[in-house]
Amino acid sequence: MNRGGFARLLSGFGVAAVLAAAVATAQVLPPPVLTARDPSVLTVPPPVTSVVCPGPVRLLTGSDASPDLTYDPAFARSPAGSSSVARGVTLSSSAGGVAGVAEWHPIGKGAGTGLAPTGAESAVIAQSKLAGALVLTGAPTGQDPADVGAAVATTTPAGDLRGLAAASCAHPGTDLWLVGGSTELGSSARLVMQNAGATAATVTIEMWGANGSLTIAGPRDFLVPPGTERAVLLEGLAAEQHAIAVHLRSTGGSIAAYLQDGALRGYQASGIDLVVPGSAPDTLQSIAGVALAAPRVPEVPNVVRLLAPGVADARASLTFLGPDGAIDLPGVNPVELAAGVVTDVTLDDLPDGAYTVIVDSTAPVVASAMVVRAGADPAGPIDRAWASASAASAGGLIALPPGPDAAIVIGSTVSRSSADLGPATGVLRLVGSHGGTLRTLPVSVPVGSTIALRAADLAPAGGLAAVELVPDPGSSPVLAALLTSVLPDGGTAISILASTLPVQRTGDVTVRDDPTTGLRPASG
Amino acid sequence: MTDRASHPRSGAATVVAVVVADRRSAYLTETLRGVAQQSRMPADIVVVDASEAGGTHSPLPEDLGSLGFSFSDARIHRASAPGAATFGEAVSAGLAAVPDVSATWLWLLHDDSAPDPGTLAALTRAVELAPSVVVAGCKQRQWGSPDRLIEAGVTASRFGRRMTGVEPDEVDQGQHDGREDALAVGLAGALVRLDVWTELGGTDRGFGSFGDGYDFCRRARLAGHRVLVVPQASIRHAQLSLEGVRDALDADGTVPDGRADPRRSFRARRQSLVYGGLVSVPLPLVPVLGLVALAAGVARSLARLLTKEPGLAVAEIAAPLAALSRPGRIVRARSVAGASKRLPRRALRPLQTSARDVFREARDRRLAVAEARRTSVARSELEMAERAQVNRRRRSSLALLLLGASAATVAALGPLVGRVIVGRTLAGGALLPSTATLSELYHAVTSGWISADLGHPGPADPLLAVLLPFTAITRSVGLTSSVLMLGAVPLAAWGAWAAAGAATRSNGVRAWAAIVWAATPSLLSAVSAGRLGAVLAHLALPWLALGVARAAGLDRHDVIAPGLDVPGRPADEDDAQPPTAARSSGSLAAAAGAALALAVAAAGAPVLLPVLTALVLLAALVVPRRRARLALIPIPALVLFGPLIAEALAGRGTGAWRALLADPGLPLESVPAAPWHFLLGWPVASAAPAGLAEPLARVLPMLGGLVLLGLALGALFRGRAVARGVRVGWIVAATGLVTAAVSARIAVALGTDSVVHGWPGAGLSLMTGGLLVAAVLGVDGVQSRVASHSFGWRQGAGGAVVVLAVLAPLAVGGAWAWQQHDSDPSAPGGLAVRAVDPSVVPLVGRRGEVSANRQRVLELDVAADGTVSYRVYRGAGPELIASSTVVAARDLTGTPRSGAQSAPDDAAGRLAQSVAELSAGTSTDVPEGLGQFGIGVVIVPPPVDGSASDASSRIVAGLDATLGLERIAEGDHGVLWRVAPYRVGQPNEVVASRVRIMDGESTTANPAGLPLAAVASGPLTVDAHVPAGAAGRIVVLAERADADWRARLDGRPLRAVAIGWRQGFELGSQSGTLTIDYAPPARGPWLALQALVALVTLLLALPFRRFRGGRW
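Chains A and B supply the protein sequences, listed in that same order.
Numbering of the first sequence is given in my numbering, commencing with residue 404 and proceeding in unit increments.
Numbering of the second sequence is given in my numbering, commencing with residue 172 and proceeding in unit increments.
FYI, nobody ran anything at the bench for these hints, they're computed from the structure.
Do not rely on the hints blindly, as some may be mistaken.
Have a look at the derived ranges for each label pair, beta carbon to beta carbon [to be verified]:
no. : chain 1 : residue 1 : chain 2 : residue 2 : range
1   : A       : A439      : B       : Q1241     : 46 to 56 angstroms
2   : A       : Y670      : B       : S1120     : 49 to 59 angstroms
3   : A       : A715      : B       : L978      : 22 to 32 angstroms
4   : A       : P628      : B       : Q1241     : 41 to 51 angstroms
The C-beta atom is built at its ideal place from N, Cα and C for all residues, glycine as well.
Given only the sequences and the hints, what does the whole structure look like? Please build it.
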């Protein structure tokens, strides 16, 4: 080999070695460190909490503020002898804390009655002789939103609206399910939509009946200006429906809504109550406070109302957690639910007692229950009460309006994950009518059963204004309150209050300035 | 005229000959011999030594008698004029050396102008016959071929454009012997009346070596004298000054071969032309002429760049500047000329030439040159036919190749092609869509302000500057990026085909190289991931290689045997010959082209800038010639990156240097492949095409790299001819690999989910390029080598290698195309690019953006886990021209390798807080809370999948219920809200606006007070009338505060104040025209430099044939 060839060989090996060395170096170099990006977790100030209370019950004879209803002006707006009371409570979010400032004011009006910060754990204020709907707003304390609750109760001793109509005041929402009421002859369903917010809400009404989805007569959209309420008679939208369920969707603002369900049997009052929103469609629903008592009224049975509002038929199995454990209702279980058909399941075969109804369905359903109280004469005037369903059960707060006797009903439910029944344990905080905690007591509900605690037993001195159930971790009791009062005619009036869950701390919001925001596949 | 009447006339003229010489040369000897042989001898002969003392040249001989001839009875004088800058001064110095001048005539001779024996006799006869003649000139002939004319009298246009009326190399057949009166004559060999010489002060030294004779004759004419050309008197003139060889004579005093070039004296001639014009035109025209000369200088300079004469381009500008820089001399010359002037300028008209003649002569000369060139390169018919056939074969091969590459693109990305044709834009991966027009792109490139979200100071990405020329064609940035992405494979094939042509003339090998380059994994991965910059770099690299090779004259080209013996032309090109055969002198246009390609490659992948610069400088060291030219190649890229480099050095934010290594576009993290994958060309793990058996799916994508590596290895064993090129290729490959490995380990930006490291693909493109250079050089000529052997194992093995070599890259490309169809976009190698409608914001939302309020749009998108992604747009949506590596790098601190998220600045923090409160539904004052950012519209896109729809509907409901937001539209784009004006419904409501006037009553919540009015503004600048108002008003921009914002009210500067993160100015109570702009001081000089360099490089790169042979 000549010298040039040798040099070429050498340089060839040289450059190949350089490349090999480069590969080797790259192999030896530590790999890049992958550092994940921390999203910005930002603390935002908590919102002002508010609960919106129903107004007093109305005969359809007054000049309602709403333009949709025309009443006979010859009759008084409110039934004779009717009295409405309300009680609001503001609690500290944790034991030992200080309750925030809360304020009652009529819907749409700024000025109101304040609950002064007493420095106590809780403050309570009652209102009587209500003329209209009230809103209870609570200012946050530090980063904690106010934990406020309220309830109103209207007792009417006689007349078409005879009975007790009470409801807990609710946090406004945009997606409300009212399961209850009837538009057949002799019944009236007065839907009231309340907008306590600052922006106009457009509410779209969807209705279902026993024959499926109902065609609404007239427009389905109702504009509710800020600070107003608007009432609609559902018999005008879909008449002659024995059993209805209503879905309200609101855009532009959050609303509260309730349905005043009243009925007559001939000339006898057949009960009055307020249907309040229950939880959105879910495969697991629980209804607390279903308290059955003799005598039963054959024409107006105690029922559980079920609706699978989706497109899929559902098969729902009902479990009744009574005082002595879970029992089955023979003959009706499971219930086949055709999609869109409102189905009433009669509970009159159940023995007396307070029950918690568990609905376990193959498709999302909404549910509620109606219980009936008659006097000594089942053919005489009766009262009715609606209990709405909750999907996620975690105790909550119930304010008790002054007047009626109250019983606190706590049911153990199934856990969502295993669908197994479990015990429900928690701490019950009792708030006195002058504010401050009366006492706290641990409660334990046996597996698959429901307990009822009379307010008179809990607070023998009287003056129980509110209860709050804080469940132990891992347990999910449902809480309701049963209000009863004895009317002058000797009959019993009844109403069921749902619990209000405290507003979650909005606290931390995770935001990310992300240049790919507009590049998600959907935008293509 | 009394002078002339009283002039002593004594029958015969007495003559003193003055020979000016600055060194001893063969020409001087000849000239002196010519003088000695005159039929009529001058009475005195003065030889002036004008050489500078201490020069390196040979001195004049002391004893002229030693030259070997005698000057009969003439008196010989020697004079020395070492300081004489011009001929005229030397003559004057020579005259001073003659003790008693009795002569009446002066015979002027250059040292390179040899007179014929009868010259002086003819001249004296002419002046004796015509007493009014004061200058009599000779007919000048070429020194080497005395039968060819140089000039016989000179005329000129009114502005001094000199014309001889003699064609170049015109043969003297006595056709000009009828001339008598001339406007001017060349002073070499001219007889000048001594008293006139004295009266006119000799020649004007301002002219230097050129044009002085014309000027002298002109002044003589204006003084009322005649100037005559005497065709019977002739000299041979070597024109040493004109040819620029006066300083380059050989030791024996002759001109070296090939040195003579009139372009050497171009600058001096151009300068004297301008000077001549300035001293001769009427006074009012002097400034006009000066400006015209400067403007013409610039224009002519650009034209010189086009014709690839950069030296003359400098001279074209320097000459008028030099002429104008001595105003004192011009004034003096004009006064001297004025003193002797007796006739008006128009008296010269009959002797001057018209503009038409000038034009005609220039045209004739151009045609003559063109004809001469045509005849010199005339090809035989045989050669032309063969050349046509070679060209036909080459073109059809290229067409077939491009067709195949296009078909492969359609097969892989077919749906995208269709949707881009119907007007969609590509986006996804690292590719951002764009709706920007050319002018918006131009402003983004030049403004120095990055108009993204709340604005950032900083230079635009160089990539945007590179997109400018492409966008000038397509009119839309989105279309440009789409076309580049979709055309990447065919364009890569074309570039590689062209570049391979510099190494081999085999169509097959070139096509193979093109396929390998087009099917390089780094390109294909970049296309899939939407890495526009990396694609652009890959496309530019072959042109850089080709440009470097051709600039250095190392390229090969088809050489067709002429079929006839043509002396001086090579007969054939032997394949075994090195491509560095010293035949091509290299191309300046190719160097400029390489510079542009380097700039494009670096703009696409900034990490390549230092690497390519180093490699090109290395190449400049190893090439045999044209080193300076190669060394200049990185200049345009460096100038393009200048502002970015300055920014990185100045360092706003500790991560500023990362911008020099970051890939332009959306920061997109990739997991780099193992180093041995790198070696096979894969920047990321190659995903196996679905539906293939496991080992095959793994091996198939690796085949291309394996074959290339093998061939490049084989090339190391080829002979001396290609050895150097092969080794250069290997060095480039190693550099590329190291670049890839290093860049993959440097954190350059903050991505959506993590810190983003550099894309290794650009380095791997370089590595593949290097290996390909080696492989092509190694393969070239193997076929003929193998064919020369009888059939045997060589042919078999060769065939197998060919089949494998062709199939391997096709397999890689095929696997990629297969994979693009049904793969997860997020998987490595999956197709992340989609065809999208670039408008995220529907038209109804854009109304506020394009209005004079320049409102912005806030997009909120909620993930299933509740995380709110947000983005502020100034346009229709995510925007390519709003992306910036500088801004992305500011988000990082920490070590180069891992990087760490830096804390958001005040502006970003406040925006995030506002977004958090808005999405949580707890904002209290939306019009001002969003108004401070100029946000006028909020948009929530429809949820991407079902799991996020809950969160999305929750936020929609929340925004619906937010006071201050009014829902205006809902559709495919999502839900839109308008931000209500401040004080909505009241007479003095203020809509959201980029620029607003605030009352200046500072509070904690509103540091600039409350808004009073919106101010109309452009995308960046403001030029609006503001009404009078209360004192203490502040005008506030919803832009980040920066020291380089400038505001003026009726031309009066306003004091800048920072309102938190925002830029504000104290407006006060007065009304007036408010102008605001962003003016970083360094922007102007950088832009000017960039424009100049770009213009020069572009003009140099344009393939424009130059006209040789013209004198001017």
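Worksheet item: In this structure, is the beta-carbon distance linking A439 of chain A and Q1241 of chain B contained in 46 to 56 angstroms?
Response: holds (54 angstroms)
Worksheet item: Does the hinted range 22 to 32 angstroms hold for A715 of chain A and L978 of chain B at CB?
Response: violated (55 angstroms)
Discussion item. Given a hint of 49 to 59 angstroms, does the C-beta separation of Y670 of chain A and S1120 of chain B actually sit inside it?
Written reply: The hinted range 49 to 59 angstroms holds for Y670 of chain A and S1120 of chain B, with Cβ atoms some 51 angstroms apart.
Item to complete: Note whether the CB distance of P628 of chain A and Q1241 of chain B lies within 41 to 51 angstroms or breaks it.
Response: holds (44 angstroms)
Consistency with the previously given hints fails for number 3 only.
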